[in-house]
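Enquirer: Spelled out from the first residue to the last, the chains are:
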Amino acid sequence: DAKTTQPPSMDCAEGRAANLPCNHSTISGNEYVYWYRQIHSQGPQYIIHGLKNNETNEMASLIITEDRKSSTLILPHATLRDTAVYYCIVRSPWGGGGGADGLTFGKGTHLIIQP
Amino acid sequence: SAVISQKPSRDICQRGTSLTIQCQVDSQVTMMFWYRQQPGQSLTLIATANQGSEATYESGFVIDKFPISRPNLTFSTLTVSNMSPEDSSIYLCSVEEGQGKLFFGSGTQLSVL
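Residue numbers (the working numbering), protein chains in the order written: chain A, 1 to 115; chain B, 116 to 228.
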């Protein structure tokens, strides 16, 4: 899996958009960008993923730069419940050996939503 | 998305004993993964479990310490053997659904005294 770089922590005011950056300069052509979050004492939760086009779902938007070397996860209206550690991961959905591999987690960004 | 149930949710164990963690999925899945999350740390993959074959362990994890069973497509167990305080962690199972997305159980909080 390609490595990613994320800021260790960020603050955001409740109701504002939270923009979480991720650098993945060594991403290869068949690797997707995945975002997960882990709320304290829970298992990680899938948020969104994408290859090169911007993506949006009910939870968030994912903006991937044209060169694919970085991306931004956007939580449009952050709430206190969005306080969590957010992980940016790049991998091929088909794994390295023809099958799926477990994700490799970095340290992520601890997002704190302030009231 | 798959619903994943892990048992027990937490346990306190004595040094030298073993604990078996169960992971039940509400649908058939090919691959299941076991992770460990030590206090204040990120997740580390222990092993990948395919039904009908031996589990594949990551560097630093061995079958004698973390034996895994995968008897069918909806169930797996991870045993933490001969426990020491250093094994105190959260243990999580996960499954993969389409497009490389992984879903996780709620984890087992293990404390070893």
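I should point out that these hints are in silico values taken from the structure, not numbers from a laboratory. Backbone N, C-alpha and C fix where the C-beta goes; we use that ideal spot for every residue, glycine too. Take these hints with a grain of salt, some might be off.
[As the list claims (entries may be wrong)] So the derived label-pair ranges between C-beta atoms look like this:
#1 A/T65 with B/I127: 43 to 49 Å
#2 B/Q139 with A/P8: 16 to 22 Å
#3 B/G175 with A/S41: 22 to 28 Å
#4 A/K107 with B/S124: 24 to 30 Å
[To be verified] Short derived list, chain A residues pointing at chain B, Cβ under 10 Å:
#5 P7
#6 S9
#7 C12
#8 Y34
#9 S41
#10 Q45
#11 P76
#12 H77
#13 S92
#14 P93
#15 L103
#16 T104
#17 F105
#18 K107
Enquirer: Honestly, do A/K107 and B/S124 meet the 24 to 30 Å range at C-beta?
Expert: 25 Å, holds
Enquirer: Tell me if the interface restraint on A/S9 is satisfied: Cβ within less than 10 Å of some Cβ in chain B.
Expert: 13 Å, violated
Enquirer: Let me know if the C-beta of A/C12 comes in closer than 10 Å to any C-beta of chain B, holds or violated.
Expert: Since the shortest Cβ distance to chain B is 21 Å, the answer is violated.
Enquirer: Holds or violated: is there a CB of chain B closer than 10 Å to the CB of A/H77?
Expert: Violated. Min distance 23 Å.
Enquirer: Quick check on A/P93 please, does its C-beta sit within 10 Å of some C-beta on chain B?
Expert: Hint on A/P93: holds, closest Cβ of chain B at ~3 Å, below 10 Å.
Enquirer: Quick check on A/T104 please, does its C-beta sit within 10 Å of some C-beta on chain B?
Expert: With a minimum Cβ separation of about 7 Å from chain B (threshold 10 Å), the hint on A/T104 holds.
Enquirer: With 10 Å as the cut and Cβ atoms as the points, is A/P7 at the interface with chain B?
Expert: 15 Å, violated
Enquirer: Determine whether the Cβ-Cβ distance between B/Q139 and A/P8 falls within the hinted range of 16 to 22 Å.
Expert: Once the Cβ atoms are compared, 35 Å apart, the range 16 to 22 Å for A/P8 and B/Q139 is violated.
Enquirer: Under 10 Å is the threshold here; is the Cβ of A/Q45 close enough to any Cβ of chain B for the hint to stand?
Expert: 7 Å, holds
Enquirer: Given a cut of 10 Å on the nearest C-beta pair, is the interface hint for A/Y34 held or broken against chain B?
Expert: 7 Å, holds
Enquirer: With 10 Å as the cut and Cβ atoms as the points, is A/S92 at the interface with chain B?
Expert: Since the shortest Cβ distance to chain B is 7 Å, the answer is holds.
Enquirer: Does the Cβ distance between B/G175 and A/S41 fall inside 22 to 28 Å?
Expert: 25 Å, holds
Going through the hint list in order, the structure does not satisfy hints 2, 5, 6, 7, 11 and 12.
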